[in-house]
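A.B. asks: For this one, chain A is given, so just place chain B on it according to the hints.
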Amino acid sequence: MLEIADLCKKYKGFELAHLSFRLPKGFIMGLVGKNGAGKSTTIKSIMNMIDFQGEILIDGCDNVACEKQMKQKIGIVVDQPFFPTLFTLRQVGKYAGAFYENWDGDTYDKLLRRFGMLPDKKVSELSRGMGVKLQLAAALSHQARLLVLDEPTSGLDPVARDELMDILMEYIQDGSNSVLFSTHISADLEKIADYITILSDGKLFYTGEKDALMEKYIIVKGDYKNVSKQLKKELIGIRRYGDGFEAMIARDRYLFYDEDLFQSEDAKIDDILIYAERSAAS
Amino acid sequence: MVIVIKNNSNVPIYDQIKRQILNAIMSGEIKEGECLPSIRGLARELKVSVITTTKAYNDLESAGYLLAVQGKGYYVSERSNEILRENLLQQIEEHFDQAILLSQRAELKKEDLVDILRNLLKQGE
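Just so you know, the protein sequences line up as chains A and B, in that order.
Quick note, the first sequence lines up with residues 6 to 287 if you use our numbering.
Quick note, the second sequence lines up with residues 94 to 218 if you use our numbering.
Treat the hints as calculated values from the structure; they're not laboratory data.
All values reported here derive from a predicted model rather than from experimental measurement.
Treat the hints with care, since some could be wrong.
Cβ-to-Cβ under 8 Å is the rule here; a few derived chain B residues that face chain A [what the hints assert, rightly or not]:
1. 97
2. 101
3. 133
4. 136
5. 137
6. 140
7. 141
8. 143
9. 145
In silico SDA-like links for lysine to any residue, alpha-carbon gap of 25 Å or less [what the hints assert, rightly or not]:
10. A:196 with B:100
11. B:111 with A:111
12. A:115 with B:203
13. A:196 with B:107
14. A:196 with B:140
15. A:115 with A:69
16. A:39 with A:16
17. A:30 with B:164
18. B:99 with A:192
19. B:148 with B:181
20. A:221 with B:105
21. B:140 with A:171
22. B:165 with B:134
23. A:273 with B:102
24. A:30 with B:99
25. A:273 with B:181
A virtual CB, placed ideally from N, CA and C, is assigned to each residue, including glycine.
Okay, chain A solo, but in the shape it has when bound:
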């Protein structure tokens, strides 16, 4: 559904370097990384909102060469709804209906009702959560195949986040739609994401199945004097405190060391992010 090959983008003081990943049809991918890691640059490139090097295919179409088709196929949810703020929700429906070929006004009305939004409300009067829902309603009404959400859960309360996760699961039910969403709230991802892509300082740290990621790394802690030269090379993002240390390590590498010397525990997505960042910074 979405294929990114060798995406590069340079800003002053920041570089997104050779990013490649793919998201198959029918699945949900979480894009994670700390602020400034390159998430928004990636999303803006997918939307063809900025110039970039590399290739981005959406449902087999190049997103620059077939920009018109691409806009029909993607639904986007960003921080601020991109609709004119003085429009009522009813007017938004008319406006979007003129732009999208596959616009379904009935679906739009139904979704507004389901989300508890009155058609006479103005875009400017919407709360953060309502703004997200309005964009979702628009995306689902023009039969978007790929839903791209930039930090959709930040600023939403837990109940609204749960509702959003439910809508996303419903969206991928028939297996023909995909979701890419960036977030730094990993609890959402740990539940519903099928795939995870981790960016660290403009570089790809991991892309692949979430379950494989959770199995790939573990956290080890213990006395630093027990760390051999060999082991030191395998540790990712080591942090020392007093005589002790903690670090991340690939589970299949850790097998070669004396497990009795150290404590180990499963790594959560947050942990992986923190250790990857620490490793990139050192």
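C.D. replies: Chain B only, in chain A's frame:
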């Protein structure tokens, strides 16, 4: 069939799903030939990833408990109870093996070992 996911459990989620489906088959709650919820439907209900429910179903299918019918979904296989029983028998044998090994270490006579089993069975009644 009710499947309950514990998020803070040490057991991986796909394994939790597998175990609970097996329990439901064993207790007769779902019967041979019965259709299971779809992979995507179950993922949505449990709020877990589609890959997780796919893995659970695939594992159960390759072990012979489920049958995948193209375009229709997953069914409890006709042989599922038989396989479950075979598995249980195998586990019983393994435990007995273990007990025999321990009895040899403790230099217990065969009759005494059998007596222990008899007593335990009596207590269980």
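A.B. asks: If you check each hint against the structure, which ones fail?
C.D. replies: Violated hints: 1, 2, 11, 12, 15, 24 and 25; rest satisfied.
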